Amino acid sequence: MSYDWMKEPISADASCGPDLEAADDAAFVDYYYEAESRMPERYFTPGIKAPDDEFTPGTVFDPKSIDHKSEKETINGLLKRSRDIRLLSLLARLMILAGRLPDFADAVDGLALALETHPNDVHPQETSDRRGAIDELGGSTVVGQPLQYANLAGPGEVTYRRHLVATGQSEPREGEVGLNAGTLMSEIAAPGNKQHVDAAHAALTKAADALHRIKSACLRLDAPFTPSIDATQTVIANIQTMMQDARNDLTPWSAEGASTDDDAPATDTDAPSDDAVAAAPGPAPAATTQPAPAISTSVPNRAAALQTLTAVESYLATNEPAAPSLLLVTQARLLVGRPLIEAIETLMPEHANQTKITFGSGSSFVLYMDRLKMLAGEGANQAAPAADAEPGPVPDIPDRTHVAPLISAVEEYFRVREPASPIPVLLSKARTYLDKDFAAIVADLLPPKGDV
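Under the numbering used here, the very last position in the sequence shown is 454; numbers go up by exactly one each time.
Worth flagging that the hints you see were computed from the coordinates, not collected in a lab.
The model shown is predicted, which means the values in this text are computed figures rather than measured ones.
Each residue gets a CB set at the ideal place from its N, CA and C atoms; glycine is no exception.
Don't take every hint at face value.
[To be verified] Mimicking SDA-like on lysine to any residue, the simulated pairs with C-alpha atoms at most 25 Å apart in a straight line are: (1) K66 with D439; (2) K431 with T332; (3) K66 with T143.
[Unchecked claim] What follows is a list of derived Cβ distance ranges for each label pair: (4) T58 with A324: 20 to 30 Å; (5) S67 with E344: 35 to 45 Å; (6) Q171 with A28: 43 to 53 Å.
Generate coordinates for the entire structure from the input sequences, incorporating the hints supplied.
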């Protein structure tokens with residue numbers, strides 16, 4: 003959601019409306035302070051070993067604990083009444099805690115717009131209060147670490163945190179053992195993840211630009227100051243550098259491309275806080291951030307797709323027989339060339355009998371499952387004999403770094419050539435399992451206690 007409306011005055015007499023906190027407005031006070039009290043003290047809580055040697059695993063903040071739609075609706079309602087950077091700072095933190103990178107970028111951009119458009123009138127007007135609200139954007143727990151955990155590649159489950167672990171820059175926690183940097187880079191470069199990766203990169207660029215503008219706007223105030231948001235800027239820069247290592251068309255944001263005519267020298271030289279340092283690990287060494295070796299992944303036809311799946315299946319069965327990815331690749335192979343009805347019966351056994359095709363609320367026409375099965379068989383009988391398509395050479399898979407690119411290539415083939423096929427869904431999930439250890443796999447496969 004764009005916050006361009008931050009530039010519009012609320013009224014002719016008061017461009018930013020009233021200061022709702024100073025007015026002791028019930029809606030503002032009740033919501034704002036309650037929401038601030040929900041900010042986590044830790045993003046990751048370490049595990050605890052009890053005296054009886056029973057170990058409670060560590061936990062990462064759950065993004066789903068944030069009702070992002072409700073939070074955004076409430077804050078936007080208050081912002082319509084009062085242009086207040088405290089609310090925009092709160093919104094930005096809530097959105098990144100919820101793992102919603104584009105919404106985070108929009109909120110930070112809205113804060114920049116409010117400061118640029120209404121420098122003297124935006125609330126709060128006390129310098130210390132303004133600084134406090136903006137400095138929250140530089141905190142490790144509520145911004146820096148959530149950024150590290152933000153998903154950058156959709157179903158590929160690529161995060162900067164996983165990259166730090168895979169390259170040895172951070173110690174692994176539960177479920178983070180065995181990560182492979184090359185595989186993560188391949189996920190970013192995978193054609194099937196392009197839309198997700200592009201959106202994440204655009205959001206990071208928007209956030210980086212907004213943070214730069216916030217700094218500039220703060221230096222132009224009557225009582226100028228430099229906000230402590232360097233740590234967040236560094237995290238964003240590091241993430242974008244990692245993404246460029248995988249796809250050289252993804253250029254990190256740079257101040258050279260931003261408007262700099264009104265920048266001023268810093269008037270405040272506060273050192274970064276401990277949280278800021280923790281949130282901003284240095285860039286990965288060049289030797290460890292390179293993508294997986296260039297691998298030929300051409301899949302020109304269905305025969306080549308089937309041959310590639312068979313090769314991947316053979317590699318996993320021989321070298322990683324316990325991998326859940328093997329099960330999903332096998333299932334994908336079995337569904338090549340099969341009708342939709344068979345896929346529904348295989349993947350949705352509990353609901354398959356409820357399958358039907360209807361023709362809209364104005365029609366009573368309906369085709370039920372038994373009829374659809376008959377039609378699927380009839381359609382198969384009408385298929386033209388398969389042409390002797392040349393599948394090309396059998397892919398060579400010397401090690402596991404070749405597996406993800408090959409799976410991704412087949413996934414993209416079916417996504418483009420056979421969009422109704424469930425094979426891309428199966429293969430996308432197969433890729434997410436490639437670097438998970440046993441604990442993470444079990445946690446994904448088995449329902450939580452109390453859900454059985």
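Going down the list of hints, with the structure as the test:
A C-alpha spacing of about 23 Å is found between K66 and D439, which places the hinted pair at or below 25 Å, so the restraint holds. Distance hint between K431 and T332 is fulfilled; the C-alpha atoms sit about 13 Å from each other, no more than 25 Å. A hinted pair counts as satisfied when its Cα atoms are at most 25 Å apart, and K66 with T143 qualifies at roughly 16 Å. Separated by about 27 Å at the C-beta atoms, T58 and A324 satisfy the suggested range of 20 to 30 Å.
One distance hint, 35 to 45 Å for the beta-carbon pair S67 and E344, holds here, with the actual separation near 39 Å. Under the hint 43 to 53 Å, the C-beta atoms of Q171 and A28, about 47 Å apart, fit the expected range.
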